[in-house]
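Peer 1: Each protein sequence line maps, in turn, to chains A, B, C and D. Note that the numbering used here has the first sequence beginning at 1, numbered continuously upward. Note that the numbering used here has the second sequence beginning at 1, numbered continuously upward. Note that the numbering used here has the third sequence beginning at 1, numbered continuously upward. Note that the numbering used here has the fourth sequence beginning at 1, numbered continuously upward.
Errors might be hidden in some of the hints.
[Unchecked claim] Heads up, simulated DSS-like pairs for lysine-lysine below, C-alpha to C-alpha not over 25 angstroms straight-line: (1) B/K254 - B/K104; (2) D/K147 - C/K54; (3) C/K10 - C/K218; (4) B/K159 - D/K43; (5) D/K103 - C/K54; (6) D/K54 - C/K218; (7) C/K54 - D/K71; (8) C/K103 - D/K71; (9) A/K250 - A/K32; (10) C/K147 - D/K147; (11) D/K147 - C/K337; (12) D/K54 - C/K71; (13) C/K67 - D/K43; (14) C/K12 - A/K159; (15) B/K159 - D/K12; (16) C/K270 - A/K104; (17) C/K54 - D/K324; (18) D/K218 - D/K270; (19) D/K54 - C/K67; (20) A/K159 - C/K10; (21) D/K250 - D/K218; (22) D/K103 - D/K54; (23) B/K159 - B/K10; (24) D/K41 - D/K10; (25) D/K54 - D/K41; (26) B/K104 - D/K270; (27) D/K337 - C/K67; (28) C/K147 - D/K337; (29) D/K41 - C/K43; (30) D/K43 - D/K103; (31) D/K103 - C/K71; (32) D/K12 - D/K324; (33) C/K103 - C/K43; (34) C/K103 - D/K67.
[What the hints assert, rightly or not] Looking from chain C toward chain D, a few residues come up when the C-beta cut is under 7 angstroms (computed): (35) Y64; (36) L84; (37) M148; (38) G351.
Hints listed in this document are in silico derivations from the structure and should not be mistaken for laboratory results. Since we're looking at a predicted model, the values are computed, not measured. Using N, Cα and C, we set each Cβ at its ideal position, and we do this for glycine too.
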Amino acid sequence: MRLSEAFQAKPLLIVYICAGDPSPAATPDLVKRLARAGADIIELGLPHSDPVADGPTIQAAAQRAIAAGMNTDVYFLVASEADVDIPKVFMGYYNMIFARGLDKFAADCARSGISGMIVPDLPPEEAGPLHEACLRHGVDLVFLAAPNTPPARLEMIQKETSGFLYLVARAGVTGARSDILQDTRDLIARVPDGVPKAVGFGISTPEQAAEVIRAGADAVIVGSACVDLIARGEIERLEQLVREMKAAIKAAKKSKAPIVC
Amino acid sequence: MRLSEAFQAKPLLIVYICAGDPSPAATPDLVKRLARAGADIIELGLPHSDPVADGPTIQAAAQRAIAAGMNTDVYFLVASEADVDIPKVFMGYYNMIFARGLDKFAADCARSGISGMIVPDLPPEEAGPLHEACLRHGVDLVFLAAPNTPPARLEMIQKETSGFLYLVARAGVTGARSDILQDTRDLIARVPDGVPKAVGFGISTPEQAAEVIRAGADAVIVGSACVDLIARGEIERLEQLVREMKAAIKAAKKSKAPIVC
Amino acid sequence: MSYQICDADKTKFGRYGGRFVPEILMQPILEVTEAYERLSKSKEFRANLEGLLKNFAGRPTPLYHAKNLSKELGRKIYLKREDLVHGGAHKLNNTLGQALVAKQMGKTRLIAETGAGQHGVATAIVGANLGFETQVYMGEVDIERQKMNVYRMELLGAEVIPVRSGSRTLKDAINEAFRDWAASFEHTYYLFGTAAGPHPYPSMVRDFQSVIGLEAHKQIMEEEGRLPDCIAACVGGGSNAMGIFAPFLKDNVRLIAVEAGGRGLGRTDKTADNGASLGCGTDGVLHGALTKILQDPFGQILESYSLAAGLDYPGVGPELAFLKETGRVLPKMADDKTALQGFRQLSRLEGIIPALESAHAVGYALQEPEALGELAIINISGRGDKDLATVMEYETL
Amino acid sequence: MSYQICDADKTKFGRYGGRFVPEILMQPILEVTEAYERLSKSKEFRANLEGLLKNFAGRPTPLYHAKNLSKELGRKIYLKREDLVHGGAHKLNNTLGQALVAKQMGKTRLIAETGAGQHGVATAIVGANLGFETQVYMGEVDIERQKMNVYRMELLGAEVIPVRSGSRTLKDAINEAFRDWAASFEHTYYLFGTAAGPHPYPSMVRDFQSVIGLEAHKQIMEEEGRLPDCIAACVGGGSNAMGIFAPFLKDNVRLIAVEAGGRGLGRTDKTADNGASLGCGTDGVLHGALTKILQDPFGQILESYSLAAGLDYPGVGPELAFLKETGRVLPKMADDKTALQGFRQLSRLEGIIPALESAHAVGYALQEPEALGELAIINISGRGDKDLATVMEYETL
Ligand SMILES: Cc1ncc(COP(=O)(O)O)c(C=O)c1O
Ligand SMILES: Cc1ncc(COP(=O)(O)O)c(C=O)c1O
């Protein structure tokens, strides 16, 4: 499924997990469980040795996955096996893509059922060649915008992104946080309604997810909170969290009055 | 006895010991034994914390003596008690004299039966004030000359010294050595016969002593070799060494043909 | 003194360089770019920096004709004496410049990464002198082996933050500093320590370090009336090398970049036995720039190795990668043993104990003197006092 | 630059100085005197020395306006930056000069004493650079506490000879060096490390170090258009102090000699709790000169004490003793604690870690700022890298 199709049925819950954590073999099943629990899109991370945009939780997951034998070849095997009917999105650092070759990487994505790519260290200015490869293989290339992205740049990024626009909820790296800032609300408000926008970085509770939706987001991305539960082996609680998140954003969509928390 | 008087009966054996080594109480008896064994003059060292002209043997003796309670007051007590009918000569560093006051020091020497002073770190250029004090109290001030003392300077030192002229046998500091160098012979030869000359630094065997006398010296000074025996508590061998030295120089005096060794 | 101004739109050297950073960092980086471009044209800023370089850092450093080394090598060798710069290495040239940029930008806090501690110390020095709150990220492994530099930073009022992620060395300290900056950019300036990283750092650091080459250019003309045949400098990230090379790029001077050969050319899954990214690396993206890096076939970064902590880095500045490609700069290697030989020989022959990093350039010269031509300059990027414990330990191995 | 020439017949400063040495050393010392007098008038010698000071040692050193310290003290403070001299202290100014004298005298071997190791390192540096065999006497106790400097000397090709006599510290190392010289003078030059010892050393060392004051004189006039109200320098033997004071002796500038106050004014039979011979000593003869020394009533030399190894000496140069007597130089003390405060404060305020010795002058300034007047120079005789272990250890006590 193309991402744009998925965004017809807003609000969406996007769940990030790190492929290969705790083991490559475990990943396909995990993806299926998340889909069953209500995830609308799976963001499947390819672990990197130097995940500069990530906080400690996802760094640790990457280290576990690499230690467990995850690499790019295995990634695409795992992604193929994780056969679900919701979209899967690649998330990973540019060097991993560059090392494989941009075209080959995009082709492998398409072949293994990956609809889009999120590359947190690849701003649009550097993305030309990958963009072309993605176009060739029908894979979306999702860009990110941050609270400190100035208006003109935000407009450029909106234009460049495909699939959806990833809004970084706040300054810093990935990782669970306890509040949603005014900055995030402002950023959501600055993007016109026509652009599908998903908010991530630091969203860990159903309340926060709901708040983001009420603020106007089309999707919520939850990552570290899920990775944390995987690290502890609490897969049922993970499913439970996904269910609660999904319920919360659906409810939020109906009653769109913002709540201060 | 004035030193000049003693030098009537050449050749002389001058024996150095460090006052207070191994203990202040032991020194007077040691002096008497040395006199009995044949020493013609006793050079009684006042230990100093920083004996820059001395080698390891005499340095160690000084440290033992200081540790045993030797100081300048005790020195003069000990010197008085070491009541022998051969001359005693003070040997020590200038700062010890300076600290007591030059006049007082010279007076104390005279009072405790000390006939002269050897101050190895006091060249004639700096000796004016002490010289005056010595004159006032009838104490000789003995200067040293070394193999590297140039002719004009040697002449000056000869003029300044009183009692006798201390010829430094060779470059370096005090301490037993195994040979007598050509340098020493040359130095002895450079001093006119009228000047009483004692040779010291490094003379440790009867053979060396004899050689020095044959080379024209009027007296031999033996230090480290004796101090070494005291350190080992071998007082009888010390007396034996003195007797042998005395015999050797007497014999040498008679047969004045130099032997190469 | 005049700095080579970097051009607003040019973020790359050929295909190398760029800004491969998370979006949250684009704005801070663009602000640094803008501030640096503005300030590098400001007379007042330059006067200010030149004052500090002269009165605080102790510039100019001598260009010393090393008579004994020359004799040993059968050619005339000059040493550029960055070992005499305050703090003990060329690093202060850069930290002074960037700290003044940070000041002008109204920032109140500096963050930096450090491996051996030299850049950390240089940052702590400017932090103290110019009144910043200073925090330095340093891998736990490096903290353990560089205790004295940790203590120096603390004495200078900086806080050293242990980095426990990844290989717990320089590479990870850089990651951690970027993470900090992503949350703190409002008041914080990231003072990057070498001519690598995202644009404008490679250009800015090269410009601030090019005072080395500008002085050397003038000095060698004064002394010899001609340019040298060759200049050799060690390369970690490339700041001292680019600093001395830059003003000679248009001249007919052979430029040799000496990298850490470490234990040799071996590799494992996760590690390389050297730090020779220019010579042995392949194109890739690390710390914000496309450059030559040590990586596995999948693009995972390898842990580098060198006895010299300052050369123990799996990347290199993009400008050097470009200059290697064009053939303008020749990459060479000196392994641990060769560097130690350089360390000892320079100490004995000239009475100058070089940093182990700089000793790589000296060691290379000892091994391939013909490469130097008749007249050469070796950049002594720092002094070796910091390395005594390392060398002593190595000797007893 | 022009050195103050010492006059052939004048071996004393008032009643202080002279040559209280064994006869065997008179000739070598007279030869040094003669050689120095001749060479100090030689244009070639001076050009040679100036070349080395500039290109090898890194002179001139900056006179740095310490803005933050000035603010702290409410007056304008400049720092003379001898910490930037090659080797890390002012010591090289002297060893370069004397080694050139030795070379001219045809000597092939250098001997030196060292306490903390700074003079030993500076001697080893010139020994390596000018091609001498070099041996450095160092007390066993000092060897133990200054391992890094021992290793530096060895790296530089010098041999460090452990001294086991007396208190096994600096004082005894000097004795041992004199003993060596008494047997080796034919080929050997004794390179004395401070402005003490028998004539001509106090004058010669002062002359070679007066490059500090000559530069500072010119620099302060350039910067301020007037002379300072005060100059403060630490005093071990007195070489850095005399070096900066000498060119200001005729000026209306208050000269403050800061000695090691150590643990206080206490004494035992054999030891003093400080190194303050100028302030607390009495007239006496030590190491060839009549000067102020720490001694017991009988004239035995006391072991001094200071946390700063370079100030841990029971004597002082005769010229300073004389200048104290005439009132031209004011002796002051800074104890260990005050020095540590100076050490920390200068590090934090200015980003300059001073040698613990120099930190005594800084600490004094912090405690009695009024004494400095409105405009003062503090001589930073060396850098503090060598002292980090000492300070760390002291902190944990
Ligand atoms: C003395 C010295 N030289 C060289 C380097 C290598 O860095 P760069 O290549 O940036 O000059 C370092 C890094 O710490 C260093 O301390
Ligand atoms: C840095 C430094 N300052 C000062 C001194 C004291 O010596 P002086 O009084 O001769 O300058 C020393 C002696 O080692 C030293 O290393």
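Peer 1: For which of the previously enumerated hints does the structure constitute a violation, in increasing order of number?
Peer 2: Of the numbered hints, 1, 2, 3, 4, 5, 17, 18, 27, 29 do not hold.
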